[in-house]
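K.L.:
Fit chain B to the known structure of chain A by using the hints.
Chains as they are written, first to last, in the UniProt record's numbering: chain A, 1 to 305; chain B, 1 to 305.
The hints are simulated quantities; they were obtained by calculation from the structure and are not laboratory data. Being a predicted model, the structure only gives us computed values, none of them experimental. Misleading hints may appear alongside valid ones.
Just so you know, same-sequence chains aren't split out, so a pair can sit in one copy or run between any two.
[Claimed, not checked] Calculated lysine-lysine pairs in the DSBU-like style (CA-CA distance at most 35 Å, straight line):
no.	residue 1	residue 2
1	Lys265	Lys49
2	Lys259	Lys29
3	Lys10	Lys29
4	Lys119	Lys210
5	Lys210	Lys58
6	Lys259	Lys58
7	Lys265	Lys10
8	Lys156	Lys58
9	Lys259	Lys49
10	Lys198	Lys119
11	Lys120	Lys198
12	Lys231	Lys49
13	Lys171	Lys58
14	Lys28	Lys198
15	Lys58	Lys198
16	Lys289	Lys198
17	Lys28	Lys210
18	Lys259	Lys119
19	Lys301	Lys41
20	Lys231	Lys119
21	Lys41	Lys265
22	Lys171	Lys41
Listed here are the chains, written in short residue letters.
There are 2 protein chains.
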Amino acid sequence: MLAHGIKFGKTVGIISPAGCDDAEIINKKISDFRNLGFNVKVGAHVFDKYGYLAGEDKVRAYDLMNMFIDDEVDAIVCFRGGYGSARMLPYLDLGVIKRHPKIFCGYSDITLILNYLYKKLGLITFHGPMVKSDFSDLTTRDSFFNAVMDRSCNYKIDLNSFDSVQVHNTKNISGKLVGGNLSIICSSLGTPFEIDTKDKILFLEDVNEKIYSIDRMLTQLNLANKLKYCKGFILGNFTPNENDMKEHNFTLNELIAQKILPLRKPTIVNLPFGHEHQNITLPVGGSVKIDFEAGLITPVKEFVL
Amino acid sequence: MLAHGIKFGKTVGIISPAGCDDAEIINKKISDFRNLGFNVKVGAHVFDKYGYLAGEDKVRAYDLMNMFIDDEVDAIVCFRGGYGSARMLPYLDLGVIKRHPKIFCGYSDITLILNYLYKKLGLITFHGPMVKSDFSDLTTRDSFFNAVMDRSCNYKIDLNSFDSVQVHNTKNISGKLVGGNLSIICSSLGTPFEIDTKDKILFLEDVNEKIYSIDRMLTQLNLANKLKYCKGFILGNFTPNENDMKEHNFTLNELIAQKILPLRKPTIVNLPFGHEHQNITLPVGGSVKIDFEAGLITPVKEFVL
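Same shape as in the complex, but just chain A (with noise of 0.2 Å):
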């Protein structure tokens, strides 16, 4: 179920199902968002905070309900992420979420709402910016346009534009995308929003965690049977967390050669998708085609829908 695309001028809600912010950076973030060409309609517990979180976790919950179920809203993008989704998802009523189906846009933690809104209800969510990222780089920007702002998703990701793409075992194959921060998805496993990668394409990005951390989670998703039946991988930004560069350490390149080329499936390593400056925008539960031959992931027929 892919929702109706925006256009400019259309209202965004804006809600922090996670981490709070002060008011200052919120207001100017905002404000910086609406000059992207949108009227936003902020929820009403933005500029809550409860600990590390943006209220309570029944009303980050309620602003998040009361954005998919306001008519006046078109679409929804998180402001941020840090921490809490997963303390607010048992409050969601998905009945009602599934009557109003939007483009909902995020990552980092929102990984988490990504991942079960499309598993339990079949609605396309896009990992990409957020109200609070920087918007300056153009290929981040036209990446979210693309992905959002038509019911077709007709946007392509050109491979041979970054020069840090490395791509292994090389047979073209399509699927459906899932995933997002590795971290997260790792904190979902063994609970009611567990992602599900069978049959489908599977990307990670994480930041700031040490090497021997993300050799734990890529040890735990291999040993949960998380990787074994995706048809693919695609790896985005893993930026090394800079105090974990000591002697004895495997690179990130020796980790991605122990735990995922030899489940030997097409793998596209060095995507800019993640907490970089570079984010491109990837639609969860969307059918993408990979074409190793042209260098293009490109969105197939029933990604339309």
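P.N.:
Frame of chain A; chain B shown alone:
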């Protein structure tokens, strides 16, 4: 199943199922450990280095298996934790271990092995100091000796002897202990090495984690129904991350009040086990009685077997 306890002069097998270390440190710490009164036998790959691991996964498993098989070895104590048990566990032969039950001790990353051997074989294992640990604290040392050196496991923990200990929902209970390092327990969820906490008394500790990360892990355990069916909780050392003292934060006590106490189970907080100087030994799979009036944790009959 409780293996025979050891005596001074008996042989302790030393292995490194997880992280590596420098030869100088290993030699020094093995010498110190020998001075506690034990003969030692050092695993063939304890000095190996493969990234942060003490050798490749299969050779670490080989060392562990060999120590169980070797009739000259009376008990097994891990050299250190770090990371790596999860990578090694798939290579163990449980049938062989079952035919050669032995005292097995460690903590931190070793949590995974302790709980897995208990869950699959019923073998009581020991969450306690390792060869690299500091045994200068008398409580640490005595607790270790009492736990591993007597088939009757004839030790008791006097809660009143620790100023830091707090108790909640003080209803006396009996049950089998499981648990250990919170991060490691969460990293087992969804895998074949997942901890079984049903009807158990769950003990947890962690070190150098940010408060939001402890929140996330307790939330995951709760959503995975790993807290709901416990008989009670024992929380140990939770030394917070020192860079995590910023403005918007919960305290550890606030987190316990939010995530643990509402479950209305008997709960002991701040028992000194885990990564700090004082680390008392707890038997994974051992049956204990918690008597809040007397302020005592004592083994019960089935534990002695």
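K.L.:
All hints are to be evaluated individually against the structure, with a verdict given for each.
P.N.:
Each hint, compared with the structure:
1. In this homomeric assembly, Lys265 and Lys49 come within 35 Å of each other (Cα to Cα) only across copies, at 29 Å, whereas the closest approach inside a single copy is 44 Å.
2. In the homo-oligomer, the alpha carbons of Lys259 and Lys29 lie at most 35 Å apart only across protomers (33 Å), although the nearest pairing inside one protomer, at 39 Å, exceeds that limit.
3. Taking CA atoms no more than 35 Å apart as the test, Lys10 paired with Lys29 passes inside one copy only; the shortest distance there is 18 Å, against 67 Å between copies.
4. Taking CA atoms no more than 35 Å apart as the test, Lys119 paired with Lys210 passes in both settings, with 30 Å inside one copy and 30 Å between copies.
5. Proximity of Lys210 and Lys58 under a CA criterion of 35 Å is satisfied in both settings, with 33 Å inside one chain copy and 23 Å between copies.
6. Only between protomers do Lys259 and Lys58 lie at most 35 Å apart by alpha-carbon distance; the minimum there is 15 Å, versus 39 Å within a single protomer.
7. Proximity of Lys265 and Lys10 under a CA criterion of 35 Å is satisfied in neither setting, with 41 Å inside one chain copy and 50 Å between copies.
8. Taking the closest pair of Cα atoms, Lys156 and Lys58 never come within 35 Å of each other, the shortest separation being 38 Å inside a single copy and 43 Å across copies.
9. For the homomeric pair Lys259 and Lys49, the shortest alpha-carbon distance between copies (18 Å) is at most 35 Å, but the shortest distance inside one copy (40 Å) is not.
10. In this homomeric assembly, Lys198 and Lys119 come within 35 Å of each other (Cα to Cα) both inside a single copy, at 11 Å, and across copies, at 28 Å.
11. Proximity of Lys120 and Lys198 under a CA criterion of 35 Å is satisfied in both settings, with 15 Å inside one chain copy and 28 Å between copies.
12. In the homo-oligomer, the alpha carbons of Lys231 and Lys49 lie at most 35 Å apart only across protomers (34 Å), although the nearest pairing inside one protomer, at 41 Å, exceeds that limit.
13. Taking the shortest Cα distances, Lys171 and Lys58 sit within 35 Å of each other only across copies (31 Å), while inside one copy they are farther apart (46 Å).
14. In this homomeric assembly, Lys28 and Lys198 never come within 35 Å of each other (Cα to Cα): the closest approach is 41 Å inside a single copy and 49 Å across copies.
15. In the homo-oligomer, the alpha carbons of Lys58 and Lys198 lie at most 35 Å apart both inside one protomer (32 Å) and across protomers (28 Å), since each shortest distance falls under that limit.
16. Taking identical chains as interchangeable, the C-alpha atoms of Lys289 and Lys198 lie at most 35 Å apart only when both belong to the same chain, with a minimum of 17 Å there against 44 Å between chains.
17. Taking identical chains as interchangeable, the C-alpha atoms of Lys28 and Lys210 lie at most 35 Å apart whether they share a chain (32 Å) or sit on different chains (28 Å).
18. Proximity of Lys259 to Lys119 under the C-alpha cut-off of 35 Å is found in both arrangements, the shortest distances being 26 Å within a copy and 27 Å between copies.
19. In this homomeric assembly, Lys301 and Lys41 come within 35 Å of each other (Cα to Cα) only inside a single copy, at 33 Å, whereas the closest approach across copies is 64 Å.
20. In this assembly of identical chains, the alpha carbons of Lys231 and Lys119 lie at most 35 Å apart whether taken from the same copy (17 Å) or from different copies (33 Å).
21. Taking the shortest alpha-carbon separations for Lys41 and Lys265, neither the intra-copy value of 43 Å nor the inter-copy value of 43 Å comes in at or below 35 Å.
22. For the identical chains of this complex, Lys171 and Lys41 are neighbours neither inside a copy (44 Å) nor across copies (50 Å), given an alpha-carbon limit of 35 Å.
Comparing the model with each numbered hint stated earlier shows that hints 7, 8, 14, 21 and 22 do not hold.
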